[in-house]
Every structure is written in C-alpha cells, then in structure tokens.
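The lines below spell out each chain.
Protein chains: 2
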Amino acid sequence: MARRRQSVTIKHVAADAGVSLQTVSRVINDEPNVRPAMKERVQASIDKLGYTPSIAAQRMSGSRSYLIMALNDRERTIADWRERRGTDWVDQMLLGGMLTCAEHGYRMIVELIDTHSDHVERELSAALMALQPDGVVLTPPHSENALITGLLADRGIPFARIGSIAPGPGFALTMGDTKNALDATRRLIELGHKRIGMIAGPDAYSLSGWRIEGWRQALGEAGLPHEGLCAAGDFGFESGNEAARALLTQDDPPTAIVASSDQMALATLDVARELGLSVPRDLSVISFDNTPIVRFTDPPLTAVDQPIAETISRAVELIIRARRDAAPDAVIDVEGSVVERGSTAPAPHLTGVKRA
Amino acid sequence: MARRRQSVTIKHVAADAGVSLQTVSRVINDEPNVRPAMKERVQASIDKLGYTPSIAAQRMSGSRSYLIMALNDRERTIADWRERRGTDWVDQMLLGGMLTCAEHGYRMIVELIDTHSDHVERELSAALMALQPDGVVLTPPHSENALITGLLADRGIPFARIGSIAPGPGFALTMGDTKNALDATRRLIELGHKRIGMIAGPDAYSLSGWRIEGWRQALGEAGLPHEGLCAAGDFGFESGNEAARALLTQDDPPTAIVASSDQMALATLDVARELGLSVPRDLSVISFDNTPIVRFTDPPLTAVDQPIAETISRAVELIIRARRDAAPDAVIDVEGSVVERGSTAPAPHLTGVKRA
DNA sequence: ATGAAAGCGCTAACAT
DNA sequence: ATGTTAGCGCTTTCAT
Chain A
1 MARRRQSVTI KHVAADAGVS LQTVSRVIND EPNVRPAMKE RVQASIDKLG
51 YTPSIAAQRM SGSRSYLIMA LNDRERTIAD WRERRGTDWV DQMLLGGMLT
101 CAEHGYRMIV ELIDTHSDHV ERELSAALMA LQPDGVVLTP PHSENALITG
151 LLADRGIPFA RIGSIAPGPG FALTMGDTKN ALDATRRLIE LGHKRIGMIA
201 GPDAYSLSGW RIEGWRQALG EAGLPHEGLC AAGDFGFESG NEAARALLTQ
251 DDPPTAIVAS SDQMALATLD VARELGLSVP RDLSVISFDN TPIVRFTDPP
301 LTAVDQPIAE TISRAVELII RARRDAAPDA VIDVEGSVVE RGSTAPAPHL
351 TGVKRA
Chain B
1 MARRRQSVTI KHVAADAGVS LQTVSRVIND EPNVRPAMKE RVQASIDKLG
51 YTPSIAAQRM SGSRSYLIMA LNDRERTIAD WRERRGTDWV DQMLLGGMLT
101 CAEHGYRMIV ELIDTHSDHV ERELSAALMA LQPDGVVLTP PHSENALITG
151 LLADRGIPFA RIGSIAPGPG FALTMGDTKN ALDATRRLIE LGHKRIGMIA
201 GPDAYSLSGW RIEGWRQALG EAGLPHEGLC AAGDFGFESG NEAARALLTQ
251 DDPPTAIVAS SDQMALATLD VARELGLSVP RDLSVISFDN TPIVRFTDPP
301 LTAVDQPIAE TISRAVELII RARRDAAPDA VIDVEGSVVE RGSTAPAPHL
351 TGVKRA
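Quick note, the sequences are listed as chains A and B, same order.
First residue of the first sequence? That's 1 in the UniProt record's numbering, and the numbers climb one at a time after it.
First residue of the second sequence? That's 1 in the UniProt record's numbering, and the numbers climb one at a time after it.
Some clues are possibly wrong.
Stated by the list, open to error - Every beta carbon over 10 angstroms from chain B, so not counted as near; a handful from chain A, in silico:
1) ALA14
2) VAL34
3) LYS39
4) THR178
5) LEU191
6) GLY228
7) GLU238
8) ILE332
9) SER337
10) VAL338
What the hints assert, rightly or not - Ranges between beta-carbon positions, derived for each pair:
11) ALA126/B / MET38/A: 16 to 26 angstroms
12) VAL339/A / ARG281/B: 24 to 34 angstroms
13) GLU238/A / GLY150/B: 45 to 55 angstroms
14) GLU340/B / GLY150/A: 44 to 54 angstroms
15) GLU83/B / GLY209/A: 24 to 34 angstroms
Calculated directly from the structure, the hints in this document are not laboratory data.
All residues carry an ideal CB built from backbone N, CA and C; glycine is no exception.
Kindly produce the complete structure, drawing on both the sequences and the hints.
See the structure below:
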C-alpha cells in the first residue's frame, strides 16, 4: 500500500497564512494570545484549504484523542442483535452520545467487553492503549465492575457510570429507577389495584434493587403488602416467563405486575394468556424500557421510558468538561416517565377470588 | 490536563526483550526476517507487559489507522432513533461490522453525513482528515452519491457500496433485492393471488427499482398484470399510508401487496383495517426489512429478511483485504430470504369483487 | 536477520 | 503576541 499522507496539514495552512505552525495550532484550539486579525487570517486559510486536524497527530502530541469510548456488555449486546429482540439501547446510546460528542468535535466509539471473563482487565487495557480515548462511558453491568472502574481511575481517564450510585471515581448517573418504579406502582394503586407484583431484574444490577425499592415504597405508602409478590428474572424472556408464572399461579395472585424489562413483560403477557387472564381486564402490566416493540404487543404495553439518550448525552458532557470542571459529587439522576398504553386498567372487581 | 502518555510503549517492550524497536515492530506486524526464537522472546515481553500498539502512533508513522468508517444518512438515521421506530439497521450494521473488524484488529466507527446538503464533500472530507480511516462502508443512499464515491476514489481510500451495482471504484454489494421481491411475489402467486400490488421505495434508491423488477418478473412469469398496481412511497409510514390507500381503493384492487419497507407495510395494515379488510383473509401483505417490530404487529408480518450483518461483514473483509487482493469486478450479492408469518394466506375466493 | 536514523502531524514547553 | 525546539509512538527507509 502506498504510504498515505494527510492531504492538507497544519504546515500547508501555516505556509498559506504566512505564520508559524504554532499560531495555526493556537487558532485551531481557540487558545489565547492570538490577535483577532491574525486569527481571522489563519481561519481564512483553514477554510480555504478545507483543513481539519488529524486526531492521530493531535493525540500523539500529548493532546486529546477526541475519542470517547462507550463500553457495553459483549455477550448481552451481541445476543440482542442476533436475536433481533428490538432492544434499542445501543441506538439510543448513539443518539445521545454521538450527537453530543459531535457538538464538541469528539467521536463516540462503541466497544464490547466481556463482563464475566477473567481477562476483563486485559481486554479493556488493550482497548485503552489502542484507542487512547479521552473518556469512557460505562453502561451496566460494567458501571459497577470494580475491576473496570479501578483500572480507569488508575489510568486517570475520566469516565461515567450509568446506573451506579456508589461513591468513588467517575461520574455516577442514574435514570430515575426508584422514582419510575414508584410512579408506575402508584399509578396502579390509583387504578385500584391492591395486590401488585414485581418481576425484578438480576441482583448483579443495582438498578434492579432500586426499582424494587420504588415499588415497595409505593406499596408502603398505600398500606399494601409486598410479601411474596416479588420474583426475580434476568431481564430475558425465559426468566420472565418463570417469574410471571410463579406470581400468577400462587394463591391470591396479583392483579397487576411491574416488570423490570420489556422482555419479561412480554413473557408476562404470554403467561397471562395461557392462564386465561385477559390483559388489562384481569391483569395490568407495566414494563421498563419502552423499546419500540411495546407499541405493537397485544395489548400495547404501558411502559417506563428510560431517558437513555439524554443520560448518555449528559455523561459525555461531563467527561468532556472533566478537564476543566471539578467532578460533581452528587449522583446525576435523569428523570424517566411512564408512557400509558393498553396494558393497564382499573383493578378487576372480584379481587381476592382465586383464579388459578 | 496532565499530559497523558502511553503506559506501555514499544520502547518498554524492546528494553524488556533486549532488542531494537524495529524488531518489536516486526513481530507486532508479523513481518518476515525475524527468527522464531527471537519472535517468541519478543512476544513473551509483549504478553508480560500487556502491550498493545497505539493506533494513533501507527497511523502517524504512515501505516494503517485500523479504523473503518461506516457512513449513514444523518437525517434518516437520527429520525429513526428519535421516533424509536424499531429500525435496527445500525444495530445489524454494527453486528456484522464491529465483529468482523475486531477479528482483524480493526474498529468500526459510525459517522452520519447529510445527503442533501450542498457541503457533503466538506463534511466527508473533514471526517476523513480527522479519522484517516483505512476504509469506508457506504450505505444507501450515500453508496450512490457520486460526490461521495468520487471523493473516496480520488483519495485512494478503499470503500464498499452497499445497495449499488454501478460500475466504477469501490466494492459493490447488494442484498438480493430483485430475487427477494421475486420470491415474495412468487410466494403470493402460489397462494393463488392474481392481483398483486407493490408499494415501492423512492427512486433515489436503486434498490427500489430492483424490487419492482423482481415483482414484475414474477408477475410476468405467471402472466399476471402489473399495470396500475405499483405505488411509490419513501419507506416511511405516512407515504405507505397514501400508497396503500391508492392501491386498495381503486377498481379491482389487489388481494396482496408487497411493501418495500416495514413501515409502509404497517401503514398498509392500518389502511386495510380502515377499509374493513381483514389481513390475511382479504389481503396478504409481505414487507421488506424484517425489523423486530414485525413479529408483534396484528397479524405478524411475513417479511423479507435483509442480510445486513452478513453484507456489512463481507464489505469490511473486502476493504481490509483491499491492500493485498485485487478488487472483484463483479457485484457481490448476499441472499436474503422470506420469513413467513401471519400476514399471508391463500387468495380470497371472491377475487374481482369490488370492496371499496 | 537485526539495528539505527528519520519523520509522520501536531502541541507543550520554552524562547523572544 | 508570535516563533522555535523537542518529542509523542510507531514504521519506513536505509544500513549492517
């Protein structure tokens, strides 16, 4: 391959404007100590030649790489893509991440890392050495992986933890999990439900716990019971099936269920159908995620919308500003909302009658 | 900001192994003229220190950047994300692209470019200068934009054109559009349909034409008419609504429709419902895309599955091999398939009776 | 088969 | 306010 060189470099601009490289550099980076007239002249040359600095060269000189790495769980992400489950997490991440990066001249680059692997550190370290990103966005469950956060902290790389509130290095951001679960449960209580079940996510994710907390809090406020009404899944369809079955086939089953993922809610719909329960007449369901498919289920699912794009956008801004500003101590909580659709309705009148 | 340096560099490895930088470089790049024993010794140091070369430095020295840029239409992509329509094109692109890139030590980086903008060239040029990718994957409609292909050809950057068969620079790949439309239409003919409509995509996409061609060819084989049975949309829901209405409210309307996108098929379902037509009893529908939502529509849509991941994967391989191998002259056509679901059924008996 | 020297495009540090 | 120098980590010459 022919040795490919940059077509227009800082040298060309400097020559064209009749100034030193350094002055051009100062203009590019909007640094002080350049007279307006000079700045204008250099900018004119830049525009004329259509010059854009090479991020590789910028990085080499000890400056920024203008790259932000978004780390996702390899196994889960690939499975979602392969199965075409309609999870649009990555899309929403790119929506918030890429656009905000672009506003600041940065790029977002998606990287997949194994969670369970014993060589997480090697994988991550290799990615960091290869790319030299200026920051990293950690999504669950990586955001709570001490090996990962520790390594980033050691290397002094700014990073954001989505779905983590633990103190320590890195910006912590959450998507209103507790309040979302609280709101969803309250809504069901308003509809007259007295026994409201919860299909929780796996323990490995803190947000699973937060949602349980919100659910319990709402029940507590209303003096309603929670005992025996919480079953845990792993966010996947199969686990949701089992959890829903466990909840709905017990004595005095719930008339409403909050599921911690769309897939588990989908499974709940199936189980209900199988048990001869009509949704929402006999059973109300609210899910978390609000992925595109929930508008097309039968009935369409009332769902908690997670502000993924907004949250990643905030994370990126924090990372980019990290050089200047001090880290905010507090956890940043971006609010979600409940989108009401057809899977929720007033509690059935015959509450308390065993149906299974 | 502290001037952040690479933690482990080629120098460290060279020192550890007691050899010159050059020898280490040769080992990294698997070059000849290194004795096995030497190679082993160096590799041991690399493993011990957990060394991975910086792609910025590799690029700077005139070698590869190990970056492949995937170019998508900015406006459409962002709209799909914002509306959360369930289009998983980008996901499938990443599935095929990222994984294949990773196999070869490359990274895929997604970039959005305006199609209609008059400064496409400036935008693209800036991205190329900043990132210096070793190759570019062009998706429709960029793959048929002469400004873009011309610029890449001029710069000598290997690129792939997805959904383009035009001769000229760059690897051309298609996803079996003609055959897919042919198969879908043939399937409807097998089911006894005599009047089969087509809701085509916009002219700006060549693949719209290829699909029309396949549809027409199948009709021709069976001696069936096509006149007045083709309406064009822009792939979006609204346009599908109009097109479906035009087809279904005419005299002697079709009993089956092939829609060039899921969104337009969704609209067709709505129009059918509105007109009192039951799908698939009165009307069969086959769509293109097979996005996740089509499993949840009422009824679930029979759809043409586009091998996006596989196609992008092939494109990436071609680009990476471009340095060694000669460009294949022929268009590479990756086959799709029809996934049968609930929106197709035998033609209604009362064919020919006006219903609208 | 190995090593030494030069340079990629850019910026930090140090002049002036 | 501007210019000069040195060097980032690596690969390409060019020696040996």
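Exercise. Which of the listed hints are broken here?
Worked result: none
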